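From first to last, the protein sequence lines are chains A and B.
Using my numbering, read the first sequence as starting at 2 and increasing by one per residue.
Using my numbering, read the second sequence as starting at 2 and increasing by one per residue.
None of these hints come from the bench; they were simulated from the model.
Watch out, some of these pointers could steer you wrong.
Over 12 angstroms on every C-beta distance to chain B, these chain A residues come out as not near it, computed from the model [claimed, not checked]:
id: 1; residue: Val-5
id: 2; residue: Asn-74
id: 3; residue: Gly-91
id: 4; residue: Phe-115
id: 5; residue: Asp-141
id: 6; residue: Phe-148
id: 7; residue: Tyr-223
id: 8; residue: Ser-260
id: 9; residue: Ala-309
id: 10; residue: Arg-333
id: 11; residue: Thr-339
id: 12; residue: Asp-342
id: 13; residue: Asp-356
id: 14; residue: Pro-361
id: 15; residue: Leu-491
Computed cross-link-like contacts, BS3-like style, restricted to lysine-lysine with a CA-CA straight-line distance of at most 25 angstroms [what the hints assert, rightly or not]:
id: 16; chain 1: B; residue 1: Lys-125; chain 2: A; residue 2: Lys-393
id: 17; chain 1: A; residue 1: Lys-477; chain 2: B; residue 2: Lys-18
id: 18; chain 1: A; residue 1: Lys-384; chain 2: B; residue 2: Lys-186
id: 19; chain 1: B; residue 1: Lys-18; chain 2: A; residue 2: Lys-380
id: 20; chain 1: A; residue 1: Lys-370; chain 2: B; residue 2: Lys-18
id: 21; chain 1: B; residue 1: Lys-186; chain 2: A; residue 2: Lys-380
This structure is a prediction, so every number in the text was calculated from the model and none was measured.
We treat Cβ as the ideally placed atom computed from N, Cα and C, and that holds for glycine.
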Amino acid sequence: MSEVRLQVRNISKTFGVTKALQNVSFDINKGEVHALIGENGSGKSTMTNMLTGIYPMETGKFILDGEEIHPENQVHANNIGVSIIVQELGTLSGLTVAENIFLGHEEKFITYGFRNTQKMNAEANRLLQEYGFTHIKASDMIDNYNFEDRKLIEIVKATYFHPKIVVVDETTTALSQEGREELYKHMNRIRDEGNTVIFISHDLSEILDKSDTITILRDGIYIDTVKSKDVNEEDLKKLMVGREVTGDYYRSDYGEKISDEVVLSVKNVTVPGIISDVSFDLHQGEILGFGGLSESGMHEIGKAIFGASYDREGEVVLADGTHINDITTAIRNSIAYTSKDRDNESIVLNQSIRDNIVMPSLNFLTFGKTPFLNWHRIKEFAKEYAKEMSVKMVNTDQFVSELSGGNKQKVVLARWIGKNSNILVLDSPTRGIDIKVKQDIYQLMNRLRKEGKSIIMISEELMELIGMCDRIILMKDGKLSGEVLRSPELNEQKLISLMV
Amino acid sequence: MTDVTISKEQALAKERKMRLIRAWLPVAGLIFVFILFSFLTNGRLIKSLPLAMSQVYVIMIASMGVFFIMTMGGLDFSQGSILGLSAIVVCYVSKYNIELAIVAGMATGACIGAINGYFYVNRKIKSFIVTICTMFLFRGLIKYLTTNAPVAGSPMIVMWDTTAFKVGSTLVVIILGFLAFNYTKFGTYLRAIGAGEKAAMFGGIKTDRVKFLVYVLSGAITGFAAFISAIKVGSVTSNGGNQLETQILIALVLGGMPISGGALARFSNVIVGSLLFVVLSSGLTMMGFSTQMMQLIEGVVFLLFVAIFADRKSIHVIK
């Protein structure tokens, strides 16, 4: 039998009004990849952030190899054998690769108060060689490397000292297939050395494929721990949501003809350094997907259509000949946009749900033609569309910052549904959103499509593109690299072959 | 364990209570300070109230402009210099026509506001840096213009110094500001920019234009305050408007304005804050405190209120 590495005992944590974790207890063994799953806000990241010293602990105990631990910060956590690789960038700009790898652990290169940079670089280079990342040089500034390489450097940083537990927190969502393979390789190595990986991901097939044991959390409460080989995706969904996920998840129709009517044309659009010479048409009532790697330029397509790109060349033209060159014109002409960077670009966090929903519609919520706002209508308007999107809230005065990711996205969508937008540009509409809300969003898109609205869906999740789109355009290095039509035979491999 | 498992309702109730305290503390403070000083000065405060109120007009009008700026997350330290320079222009022009002098004062303020706005919006420099620069620059100009003697206006200008005019015009300005802030898009846009500029832009607000125009507007408003300040004595010295920016900042914070601006800004902050500030400072004067001592006390109160009203949820840096 495998030995217990970490005992989680009665861990609780609150953030203001939210109880992130309640009395959670379970065991994690040596030599396993232990997945933590749950919907957004279920407490996975809160748990690992406390374990790695990012958040202070509240009540309860972590017992590592029989000893109770109290991680104070990340460096302290490293010293007791716990490290983490995070979802977003975990390396610091302005430092060299070596300085990043040994951040907080410089003492072994210090003699008489001076840092021996040469020795540090040599050691870092040796590690990079050992990991097989030979194209990275220890003495280079970290800024010379792209997102993908910086993640590889983080892998070295988090694992070179053979920690007892490595937390991989939703790292894979930000990585390409190659990067993921590299990460999996090192996860397996850690396990084979007898150490433990705590693996957090939203991708259930990845979880089933890569982990040995799975612990499920729901609303901060421990639900169950299962062996990966004993369960399938449906079982996991049921455990996460707490009930059977019924009805259609994606669209179920095939073979519907795309309308000939073009509602929007993108002609020779170039954004220097990001996309070059992109042209395509959007038809009425179609869902047009854009797929590719995160850096392929596909996210800029959304901004370009919405008039939000800097230095855009080329034309974005509506059916009636209107040119879209700025955000105000885009909104006035019934174009809606949800950004991948939801918290910064889609929504004003420290403002009420009501103010967020009515923002683009204020011109229509005045007394007649006067500039004076009709607050009664504004309140009704916000209430109506928040309700239509079934936003989970106390009332529309509640600040958006108190909502979960899924509910924030619902507020964004409520704003555009309220504006009655005809062209919706949805960039990563389900990013970091749990299954239940995802399903709601897919159903909404399908309904809008049937009402004759046109949707552009930009996504890094190939499965949802395959499930939802009439057409999918693939992108690579800022250029269009292929196009496929909706069909039941379409699979991820086909799309990947066009985008890498 | 017990303290961890507080229910969501309790926590929300607690937060609502905090919001209520934040909303009413300035009002309670105003009443308290008023009663306290009336008592301490044996009622002299109430008797000399009309005199004390003569300070309110300038501060209340000027702080309304800064209130707009702070709501959208900016700051303005150049208010004192705007007031000083505008007052000089008012005095010059008043020799020809006094109504024209009002317009000229506002135009001067608007121009300085436009300079602030240009460097803030187009050159993308943080607002407090820009306005500290313009504060120095225009204070220098004021000193140069008043090198030999204070700039005197037309002798007729003091004729305008009537309570009816001052109360009337202050009321008009405040009511216009109140309507614009609470009953037009203007206020909603300012709050949105203060709470999340990028998201406001993606929500269809022309953020750069609004930001620029707010600085121009605030300059013009202070330019009008300069007229009210000029009619009191009919001339401007090199110290005209000195430290107005700090007084405004203290007044707004005393009124409950979060220093980082955003959605928690309320229009009542302007009115309650400037009244509280004026009662506090005239009360302290009447009690015979020296200027140095007063500054010390005001500083402590300022710090206290900043700490209470800081909106720690919006961690963003002041723009």
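Going through the hints against the structure:
| no. | hint | verdict |
| --- | --- | --- |
| 1 | Val-5 | 24 angstroms, holds |
| 2 | Asn-74 | 19 angstroms, holds |
| 3 | Gly-91 | 20 angstroms, holds |
| 4 | Phe-115 | 35 angstroms, holds |
| 5 | Asp-141 | 30 angstroms, holds |
| 6 | Phe-148 | 20 angstroms, holds |
| 7 | Tyr-223 | 15 angstroms, holds |
| 8 | Ser-260 | 28 angstroms, holds |
| 9 | Ala-309 | 7 angstroms, violated |
| 10 | Arg-333 | 8 angstroms, violated |
| 11 | Thr-339 | 9 angstroms, violated |
| 12 | Asp-342 | 8 angstroms, violated |
| 13 | Asp-356 | 6 angstroms, violated |
| 14 | Pro-361 | 4 angstroms, violated |
| 15 | Leu-491 | 32 angstroms, holds |
| 16 | Lys-125/B with Lys-393/A | 38 angstroms, violated |
| 17 | Lys-477/A with Lys-18/B | 54 angstroms, violated |
| 18 | Lys-384/A with Lys-186/B | 19 angstroms, holds |
| 19 | Lys-18/B with Lys-380/A | 23 angstroms, holds |
| 20 | Lys-370/A with Lys-18/B | 39 angstroms, violated |
| 21 | Lys-186/B with Lys-380/A | 14 angstroms, holds |
Hint compliance for this structure: hints 9, 10, 11, 12, 13, 14, 16, 17, 20 are not met, and every other hint is.
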